[in-house]
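A.B. asks: Next come the chains, spelled out residue by residue.
Protein chains: 2
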Amino acid sequence: MQERKTAISPTRFEDYSQWYLEIIKAADLAENSPVRGCMVIKPWGYELWQNIQRVLDRSFKDTGHSNAYFPIFIPISFLAKEAEHIEGFAKECAVVTHHRLEIKDGKLVPAAELEEPLVVRPTSETIIGAQFAKWIQSYRDLPLLINQWANVVRWEMRTRLFLRTTEFLWQEGHTAHETEKEAIEETERMLEVYRKFVEEYMAMPVLTGEKTPAQRFPGAVRTLCLEAMMQDHKALQVGTSHFLGQNFARASNILFQNREGKEEYAWTTSWGVSTRLIGALIMTHSDDDGMIVPPKLSPAHVVILPIIRDKKDETKILSFCENIAKNIKEKLYNNQQIEVIIDNSESNAGERNWKWVKKGIPVRVEIGMKDIEKDSVFMSRRDKPVKEKISLKKEIFINKLPDILDEIQNNLFERAKKMLKENTRNIDRWDEFKEWFTPKNSEKPEIHGGFAMSHWCERPECENKIQEELSVTIRLIPFDREKSGKGKCILCGKESPGRVLFAKSY
Amino acid sequence: MQERKTAISPTRFEDYSQWYLEIIKAADLAENSPVRGCMVIKPWGYELWQNIQRVLDRSFKDTGHSNAYFPIFIPISFLAKEAEHIEGFAKECAVVTHHRLEIKDGKLVPAAELEEPLVVRPTSETIIGAQFAKWIQSYRDLPLLINQWANVVRWEMRTRLFLRTTEFLWQEGHTAHETEKEAIEETERMLEVYRKFVEEYMAMPVLTGEKTPAQRFPGAVRTLCLEAMMQDHKALQVGTSHFLGQNFARASNILFQNREGKEEYAWTTSWGVSTRLIGALIMTHSDDDGMIVPPKLSPAHVVILPIIRDKKDETKILSFCENIAKNIKEKLYNNQQIEVIIDNSESNAGERNWKWVKKGIPVRVEIGMKDIEKDSVFMSRRDKPVKEKISLKKEIFINKLPDILDEIQNNLFERAKKMLKENTRNIDRWDEFKEWFTPKNSEKPEIHGGFAMSHWCERPECENKIQEELSVTIRLIPFDREKSGKGKCILCGKESPGRVLFAKSY
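Going line by line, the protein sequences match chains R and B. Using our numbering, read the first sequence as starting at -14 and increasing by one per residue. Using our numbering, read the second sequence as starting at -14 and increasing by one per residue.
Only chain R is shown next, with the shape it has when bound in the complex:
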């Protein structure tokens, strides 16, 4: 290993969870708020979220979905309509009980109690279901394909910026269909929309498959999911798509007249991704010098750093920089204007450079008098070591920029794919399995082997026991599980129809 000081301390391998928090701080993405478990998303983090929204919103529209907005409050009685659903969410609900504040004995206290308490939505199946029941009369009204961008609240006891917060931002798709088959196709289609987005935009390779019954969304018949590997080799669930069968249609009374003129319950789905994606992005690509943002989602692509050693050169250097910025903005990358920032803030050149390294902007260029004399720029890329800088003729740099951004995007994806591949293993023996999940490298005291593709007998007993013993869960059952061939359950040795993905997880 290279002997140099890193911008982020501790490093990934010294203390992974602290490193994660330091990255967020150094990139100025978010911070804790005075309200327990609620985060403040700062501009660099929020713009990243807006870019995620823009791309996904387009994909949802391209697959026929419309956006709508439903109340943030859900009457308790609605939530209670689906037994497993309320069981799953009752323990973590923010409950509104009053609608006024009054001064009593010099203290401000809640007043005007509500007849029925309201829950701040943890998810919206039941409140959206109530409207669907009104909107759907006949098979002609189906499919009904709706998406909502919203904030949701789940009262988490242990929170962590982006990964698990009391309030978070997300999108939730809710659809209703005429047949079981169509609803299942929708569930799969949206999983595929997520997969494409996560791989092509976030540069994160993912495994897709189905959750075990124990890990399903409360009330779902099937839960499909995407799982990605973080740099500490733990899995992170980046999105889910649920086939709800007729469970929620029954709970919300979503009935329609079918083609035979009979009343029938609709088949529904729901699917969502959240600001958790930003946590996944950080933990996939960042290094010990800070964040690395994939160009396709970066709030800005290029920062120009004027290097002014002599005040008399200032005008000349700045106008050279502005001219480059103007030319860059005329270029397209991934059908979007390339975003350029000129950072001429008061801090010295080194500090400014490190600021943008830590924020993970894809390309940095330094421009001083020497560069102007050569009509060139001094460029560094965030996918390469910080000290690696090359001088490029101005015109060449501007023309090559879209390709450079493409290269960076690809490099990040390839690097993440390599990590996933190198740290995923077929394991057939319990002792090897146990060892795989036990950190043993003294240089990386927290890092265990990674993902294990192993056999499972499909009994919850084995699933539970493995979780209790090793904190390892079945992340997903691959859709092509059978392809891996039959085998013996990693724990009990009973028959297994194929391998499943085991991992530690967030």
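Watch out, some of these pointers could steer you wrong.
Identical copies carry no separate label here, and so any pair may be met within one copy or between two of them.
Claimed, not checked - Quick list of in silico lysine-lysine cross-link-like pairs, BS3-like style, CA-CA up to 25 Å:
| # | residue 1 | residue 2 |
| --- | --- | --- |
| 1 | K76 | K92 |
| 2 | K92 | K66 |
| 3 | K359 | K378 |
| 4 | K359 | K479 |
| 5 | K379 | K316 |
| 6 | K385 | K10 |
| 7 | K343 | K119 |
| 8 | K46 | K314 |
| 9 | K46 | K340 |
| 10 | K355 | K311 |
| 11 | K402 | K343 |
| 12 | K89 | K76 |
I should point out that these hints are in silico values taken from the structure, not numbers from a laboratory.
Starting from the structure of chain R, add chain B where the hints point.
C.D. replies: Showing chain B alone in chain R's frame:
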């Protein structure tokens, strides 16, 4: 008046408030939800909101603002820090008091009481102020220019779709500055951003000015506003921009070291517009046949209605329509792709046509075999009578479309300007003033004169008395009030430095 049945019943002049609700229903914009006072925004309404967001977001960025996101919950103690502020909002707060649900005696009830109750944000000055206090240390950190897109909750007793709902969507800008002058300039700059947006995009002429002390935002030093005239001649406040002085900086302890090295409170502003804009849009442009959406904000610009009288022509007609749609999408209007919908749903041609009339799409074209034979389309525009249709050669239609949309946008604006001008009057006598605000036309039993520019002595007594007697308030004091010359207060006859805007209002 023309003798024909209207698509919307009652008409504007028969029953204005019911007409408003019927327009919303007919255009399928929104509806009431099972949660008291909370609305469901349906796709046509939500896409309109997304377009509003897109344009404003660009304007905010162009004026140097960044987006961020802050917690939905505000601890009671934060809200209480600014005395006028809590006074203004205490009566309409949704209060979260528990964070769990439990079954007790077979009933689901709130459990796990919070130590300090939380309020669902009615506005975010205090919670954002807490972060600003952390972010701002020195004059170098100023100005700090932040915007938030969010939902807010105010427990309104009498609600009305879009205009006054318990939950609504909005943006709230929050900025901090080094000097009073800079903060006032920001307050004025954002008012101007709103004015340009409302006039250029919503095609709504507005009057701008300052609120009287009685009408200020709770805690503000000055509240600037935009007021528009609805078709029933009432005023609607479409946006506000507040100069908060050092009041909120003091409440949240936003201190900075100034250029002289001394600690000083920052000067702050806040400004916002909400989904109320959609209510204003409806009431400005809609007619007795439904909504009329200004082209620059319309979720779609053109609907193509294939007229298939004979099943055997279907393929030919549909491919002709698709070809036109494709050509239209290659055109730009206002730097955006023109959005086209082909509506070939099962309902008959007349029903389909009326559906889009009611939704207010700017341009409708019908295409049947006869049109194809002439290589033409049969076009109608929403700014013209529904029955007025003209035949245009296909190529001409496609090429002229951007101009046609421009014309419609302009016509709507001119029409609204005319309404505002014709129904605004300088009034100097109390009896005329009273008459102006009293409906007397038997054909329009609800409609009074309109806006009155009249003199006011600046005493709250007169302001209150006029409100009590006529339900008329001072909507704003024009920035150039002095220009209108001195005069006598419309009520008491005392000295007045110039005219102010009196109106009934929403």
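A.B. asks: Sort out which numbered hints this structure fails and list those numbers smallest first.
C.D. replies: 4, 6
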